[in-house]
Structure formats: structure tokens, C-alpha cells
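J.: Sequences listed follow chains A and B, in order.
FYI, in our numbering the residues of the first sequence are 1 to 503.
FYI, in our numbering the residues of the second sequence are 1 to 316.
The hints are simulated quantities; they were obtained by calculation from the structure and are not laboratory data.
For each residue, glycine too, the CB sits at the ideal point set by N, CA and C.
There may be inaccurate statements among the hints.
[Claimed, not checked] Calculated Cβ distances over 10 Å to all of chain A for the following chain B residues:
1) D5
2) A12
3) G47
4) K88
5) D137
6) I154
7) S218
8) K259
9) F301
[Said to hold, decoys possible] Stretches of chain A that chain B covers, calculated by requiring three or more beta carbons in the stretch to come under 8 Å of a beta carbon on chain B:
10) 41-52
11) 126-133
12) 150-159
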Amino acid sequence: MTRSERLRRFFEIVPGFMTWSTILGLVAFSVFKPLWVAVFIICFDLYWVIRVGYFTTLLVFAYRRLNAEKKTDWIKKCKSLEGQGILSYDSVYHAVLFPSYKEGPEVLTASINALLDSNYDKNKMIVALTVEERAGDACWENAKGLQKKFSDKFFEFIITRHPDGLKGEAKTKGANATWGAAIIKEFIDSKKIDYEHVVMSCFDADTCAEKEYFACLTYHYITNPKRTRSSYQPIPVYNNNIWYARSIARVIELGSSFMQMIETMRLEKFVTFSSHSMSFKTLVDVGYWPVDMISDDSVIYWKCFLYFDGDYSVIPMYVTVSLDVATEKAIIPTIIKQYKQKRRWAWGVENFPYLMMGFVKNKNIPLLKKIRRGFHLFESHYTWAVWAIIVTFIAPLPLIFGGGIFRQTAMGYSLPSVAAALFRITTLTLFICMLMSIKLLPPRPKDVKRQKKLVMFTQWILAPLLAAFVGSTPAIDAQTRLMLGKYMHFQVTEKIRHGVTTN
Amino acid sequence: MNKSDIVIRYIAFSFSLALYLTLLPIILSYSLGYHIDFHKFIIYKTGILSLRSTPSGASIYIDGKLIPDVTPARIEELRPGTYSVEVKKEGLFPWQKDLTVRSNMVTRAENILLFPILQMTEKVSDRETDDFFIPDDRSQIYYMTKTGLYKSNIDGANPRKLSSYSSWPSGILGKKLSPDGKKILYFNENGIWVIYLNDLRSIANGNAAEVEEVLKSSNIIKDVFWHSGSNHIVFVAGRDIDILEIGKGGGKNIVTLNKCSRQPKGLYYDVYNDSFYFNDSPSGKSILYRIDLREKLFEKFMERIKKEFDIIYDQK
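Okay, chain B solo, but in the shape it has when bound:
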């Protein structure tokens, strides 16, 4: 190793050491949230403001002053205190909030959503529509019109008439697609209707669906649910929890599963487990109940009812 190598090494080592000793306090104080004022030779505590907006690239105003940064931004070296923070972008509603910055801490506003001032409203269909139904899979739109039942793609394209039925009741409270996707029920306070969706390939245009009124109730219907098998409807009318068997033609079987002390509340149907949850207060205390309607249990339940009827018949 010649002399020049030794000099190079000495310089490189000294420079590295000096660099380390210089940079370390600066980086550490910066990371810990301290600010060194080299003009006044003082160190003071600061906090950090982290702003993220959707869309990004919005201007930031702190206490009315525009800062030379856009979102997403990390605004450092803020003295502790409360700041009025405004995020603005052209064509979008501004966002404003008073944010408190604490020393050595980060104040985050990272879910700022800026909405457009001019909302894009577009027409899906020119058809005069009494009501409509969009299933959870958002694959179709069903139009309930004065000239019949139609369906189209979710964007309104490819419209098709399913049925000429047009006697839609007033005050529809809900619409639900059956688990097998072949029926739609809708109901109001006095009745339940089912639309049977037939196979479009085999049926001519305009007769692809049939609508049937499956129940007319004197009690006020509160809610209606599909059983997982898609052939039964569980509904609450007045104080009763009933189950209705549907099917084209013939009579309808209706069984009252439970008679509550008053109209049940907080209704929930677990279609995966065929369990019905409701609140009732038979002894004045409101308690959560569950009716298990899984198929085997259901069959057993029906058998038990049959037996009960047999006993009554025998007694008679």
C-alpha cells in the first residue's frame, strides 16, 4: 500500500466519520419530530400532518395559507396547536377541518374524499317505470311498467319484455330474488306477489315471466324472506311468523311457526342456515329468539304438525 493509498483512506475515513457525526443528529431529530432552527440556534418540538385525498394532487391550505405541496403530503415541522386545514381541487367540493397537531406525533387525515361539483346523472332507460328491481349480483335491471315487466343489462342495454302483467300494487315495501335466481317476490302491507322467471330460450318474447299474487293478508305484513330452497316464503304479518309454500296452481300451504306476544322486532333471516331471528317479549322482557328451519328440522316439524292434525281428527 503506497502513501497515496494511505492518504486516500485517511481522507475517506475522516469524511465518513464527519458525515456520520453531522447527519446523525439531523436525521434523528427530524425522525423524532424536533426542528433545529439554525438561525436562532434553538431546538423545538414539532408535529406532523399527514394528508391523503382521493383524487390526489389537491392543494393544501393551512390557516388560509397555500402550502407548496399537494396531496398526498407530509407536512412537517408544525408547532403544536390547532390548524384550519383545507384541501381543494378544481371541479371538486373542498374539504375543511380543524386539526390539532401535537408535539412528536402524527395527525392523520388520510381518507379525504373530494366529491365532484357536477354530478354525472345519466338516463338508464326511456321507459316509463313504476318501480324497478336490481338483484344483489347487479347483473340485470327489472322494470315494472304500465305496459309490462321488462329487463335489461345493468347499463340499460339489451332491453327485453318478460311479461305483459302491469297491475303493480301501490306501496311496495321490498323486492327479493329467490336463492335459485328463478323467482322474485315483492310485497306491500297487504299482500305478497311472486314473479316466476321462465327460461328465456324456450319462451317467446313477452311471456318469459308470470306474476302471481300468493298471499292477501288482513294483518299488516312487516317483512318477507326466501327460504333457501326457494319454494317457501317466511313472512311476518301482525304478531305471527308464518311460512308459505308456493307453487303454480292449487292451494297454498301456510303454517304459523310462532305466535308472538306482540309484533316481533329486529327481523333477520339467515338464508345459509335457514334460521330466523326475532325479538319478542312474552314476559314483558324483550328477548332474542331463533327458529331453526333447516330442511331436516323442517321435515320433522311438518311431521309433528301432521301428527297433531291426525290426533285432532281421531279425537273428533
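Isolated chain A, as found in the complex:
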């Protein structure tokens, strides 16, 4: 093992080690020093309640902003900028890449139809569908069918087959996307289009972009003086199959959407997530997505961040892209599916050793910036892994292990009532989430009963229970695997649309 490999391994161990040290340390201290743990729990509970309150405030403002910007005519805004010496909007091309595995034609057709429904000039859109060779011939035939159907609707509709087992590649979406981007590059080169005039959107196969998405993206791109030093992040909502999904899955995915809305208000911590866009020039400059990492959506941001010596940011766009809720027909398989999806997201912790190694090599990024960004990344994964465990399972331990003596102390007597009083405040957040989730719902399909809307409201009762059991465990699982060097493989989330199942 070289020094670099040892160092990388060290950074892989750090998050899991810190998480387990916290959990086991608190359990041990609950036995020997229950009073210390009780004091810690009150400090943490108060921190968590205020943090929830703070996030709720940001969520409300982000939601207001999303609503306000819905009314914006982005094309008109782009046109109004003509002649002001900035990049002309009609010189901008959009390359939309769909790396796919076994998603059926009905999933991809819906995503491509969403592009057709957009109010942007389709002659400025290059659509590329890159299919995994290992998905089989049927998938390739589906891709051909889609090309036949849509080839005359866009400037270009490219399909390509990503060969399996290329040297240095892992079985990841990033490898497929990189292959597709290289094919797009060949096309752009053949048309002699300036890379800076092309905006690359890498979409999951189930991503249905909002009508205004590309106009909004164009506006932000042409008005941004540092357009090639930014990624452009829409708000993901999981509306495609929300009326047909299980309540458990809906609550978890809506929680993810809300979290993403909150992140749009915390720019200094904002990182790309799921479907997003960036300058094609940037993508070519940095050498596309890493081909051996699972968290391609966030790691591309860190790759750019390191490449541009920390001078790289994410611009939030208050437009939505709609994705599928990871659901199943029964409850237990839904929980398992959600767990696996969240574990894959939590595997984003692999970005920590990647970033740390990048910081070691890069001497141009200011130390303070390195510390700040490194800490933010570490803290987000660490908090994800410990919060639900502390709040739910560690909090009662001082009373259990402290015994009668501890329960006779003022702290032992007060702890349950103080914790309960603090968490009662968070019901307000739950109520806000209830209201917001109703507002974000797509129209109810005709075959769905009217009463389902009531379920959409009451489903939030499940939130505390889900937070307790699946709030932290996927993150602990992912961090433990990274710590032990048992690296995860990319697992595609199976898509279910109203009874139709597809990979």
C-alpha cells in the first residue's frame, strides 16, 4: 500500500469511526456517567429542535420563491437581454443525456415527452440515450424504437451502447454517462459548436423536466459571468407516480424534496444532486464523471471544485424536475427499496475521502475554504448517521442504565419531560410539511379516489416513526461499509408506474 493509498484509506475510515465512536461512546457513558449523557442529550435535542425550526424557515422561503418563479416567463426574460453584450440565448444548445439501464420504453418516453412539452426550441436540443450493453438486446431495441419515434423532433437524437467491462470502470451510472458524453462531444465537434454554448443536462431515466426548465436554465446560464464555473440545480420532486406510491415511500421522498429546497437556501453548502445541468465545456475540461464512483451526481461537483481550485459553485434554479417515488406494491418491499435507495445516497460519503485526497494534492485552494467545505461535507454525513439514533435510542439510555439513583435526581426526573416538550415544538414543522406536500402534488389522476387526498395529508403521522427507524440506519450502513473497505456496487432503483414495473 502506497502512502497515498494509506491516506485515502484513513479518510475512508474517519466518518464511520466517528459515527460508531459517538454511538458506542454515548451507550458506554449512559452506563457509567448517565448524568453527562443526559446533559449532552438536552444540548443535542435543543440544537436539533432549533435546527429543525431554522430549516423550516428556509423551507418556507424556498417554497415561496419556487411559487413566485413559477409565474416567470423565462424566454421573455432571455429575449429582454438581447443586445446587452452577453451570450445570446438562441446560441445556446442543450444536450440532454439519459444514462439508462433496464428502464422500459414507457419510463423513457415520458421523460422525452417532457422535453417535447418544454417551451424551448427543440432544434437547439440534442438528446442522447446511452444504454448499458449488459442490459441486453431488448433494451437496445427499445432505444432504437425511441430513436425512430423521436429523431425528427430534436436537433439530434443519439443512441449509444455503453460497452461492459471497460478498463478502469466500475458498474456505475457515471461510467455510462461518461461514455454518452463522449459520444455527444463527437457530435458537437462534427457540428463545430462552441462547447461553452452547450449546456449539458444529465438526467436520470425517469426525469421529467418542467416546461420552463430549459428556458430557466438558459437564463441562468447566459446571465452568469462564471457560467462555466457553476452547476445548475433544479428542485427534484417525486411526482411521477406519487398518487400510486405507498405512504411510507411518499413521506420519505417528500422529505428529500423538502431537504433539497432547504439546501437551495444554503449556497455555501449546496452540492449537485440527482438530475442537474452544467456547461459542456466544464464537463470536457474536467474529463467527465468519475467512472468508478457510485455518487456521480455529487462527485462531479467536487471534481469541478478541485479542478477550478475551489472556484466552483451550484446555482439553484426554482424549477422542478419530476422523478419516480421508489415504491413497491407491498409495505415491506417498499421499506427495503427505500432503504437501499437511501443507502446509495448515503454512499455519497465516498466523496469525503475523494475531497480530502484532492485537498492534499491541491495547494491552490485556501486552507480556510478547505476546512470549511471539508467540515460541511463531513458534518452532513455524520449528522445524518447519528441524529435519529441519539434522539430515539440513546435518549432513554441514561434512565435505563442510570437506575433508581439517577431517576431520583432532578435531571433524571426532568429529562423525559424536557425532551418531550422540545419535540412537541417540531409538530409545527410537521404541519407545514403537510400543507406544502399538498401544494406540491400534481393533479389527481381520474382513477384515484378523492379520499386519497386526505391520506396525502394524514400520511405525515408516519414521519416520526420513519425518522426513528430509517432516518440514520442507511447512513450508518454506508459509512460502516466504507470504513471496512466493503465497497458498494451501483444498484438501480426499480421504477414502478401505476402497476407497470421496470428496472
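Based on these hints, arrange chain B on the given structure of chain A.
T.: Just chain B now, with coordinates in the frame of chain A:
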């Protein structure tokens, strides 16, 4: 992100931070049992008094002063010391105790039971009753009266005459229902009686039970127990531990299981295991003994006795 968003975020963050830094010392000191006197800018240690009463909603007086809280109550910020605590509710006897409050600790009085001043006494039956018996399952009341044996439901309803027997002995020491629920024994110092409860459906009113005197003893009977089979009675009379076989008609078999050095003490019969426990002091030292009367053992025991008799008979 426009400027207003940045301002909003800055304000929200600053407010959250300030809130945390303000609330944390207050909540922590409260939880740890400290009180901050904002007028005098001093922190002092306090204790907590936790009061719970049945029924709840009782007024609380501490050192004679009514506090604006009712039970169940958590009275905080009490300086360490001893307080006279009184819990009162109209129509109930008050509860009073001197409770010591220690710093950072909780003093609990959580089992306060307030009894009604006017007890509800009600008549169960108008019948003149010499004695009565309520089995452990509290399903019936048996009335031993001068006109016979009666039974009713536990609330006195549905009375029924079981037998005209009325010669109840004086000084009844105990009454016990047999494990099969078909017999009741009662005893005094000189005798044991058994009431056989017949099937009420098949027997006319007034003849549903028969009473039999099963033993008259010259020794003083101390206690009597049912064997699990409901056909034998284990009893202690004088220094002897005897077993008596019951049944209608014919003679009664009595076997002395043990002759103690003095009247046995601390008698206990385990009906689930048919074991009899008693204290005896054959060598001056009081020791706990057990007689195993489980059926198989009992049969063996009886066989052994029979053999002994056979040997005596043969010898004769």
C-alpha cells in the same frame, strides 16, 4: 439566490444561534435543579417535589400555604429543607407528611391515597346470618343461617336455599372450598364438617347441599387443608399431622402422616404440588419440614402402610 434570501438566511441563522445560546443555560439549569434569580442575579440549588394522589385534582399545601397547583404536581425550585406537605380534597380525608427536599434531587410522594370521609356501607342481604363464606373466585356468597344454608351472587342477588341444615358449630376457625369446587369444609377446634354441593339443576330447591360432620377430635384442631384430589383433608390436631379420606357413608379412613415433637408451627399446604410444609423441633432446634403427598407418592405410602399392617397381622 438573491440578496433578500441572503438577508433572510442571515437573520434566521442569527436568531437560531441566539435562541440556542439563550435557551440552553435556562433549560440545562432547570433540568439540573438550579434556579436563576434574575432579580438578584444569583443561581441557587433547588429540589423537586413530585406528588400524585388518587383521586387526582387535590389541593396542595406546603408549610400551610396553598400552592396554585393540584395533584398530580411537580413542584420545582424548592430550596433544600423539610416541608410540611398536605394534600386535601373535599369529601376525603386529608393526607399530611413532612417531606425532606434535597438539592438537585426529586422527593416523591406518588402513592397518596385519599379515603372518603363517608364510607359507603350497604346491606348485602336481609337474612339473619350466623356466618358466611365467599370462595376465592368471588363468584358466590354462602350464608350459614338459622333456617339453613343459602347462596347468592356476590352482590346479594339471586338468593337460593341449598339446605335446611342449621346446626352450625360455634367458634368456626376457617372455611375452604375444595379444588374441584364441589365441597366446602369448615372447622373449629373440635371438629371438621364438609358441605357437599350437589348439582343444582337436578335437585329441588332446599336439597342442593348436604352437611356432614366428618371428624370429631379430642385434640385441638389447628388448621385444615384440602388435598388436590378434593377427596382427602389434611389437618393438624394436637401434635399430629393427619390425613382424612372423606366420602358419603361408611367409615372414615384416617392416617397419621407425622407425629411431631410438639404442635407444629407455620403450616402451609401447597395444593399445586400436594406438599405440606411445617416447622418442628425434634432435637430442640426448630427446622422446616415437608411431606410430599403427590398422588403416586401417596399411593406408595398407602401400600407401605398396608404392608406394615400385613406384617403385624402375620406376626399376630
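J.: Which numbered hints turn out to be false for this structure?
T.: The structure conflicts with hints 1, 2, 3, 11 and 12, although it agrees with all the remaining ones.
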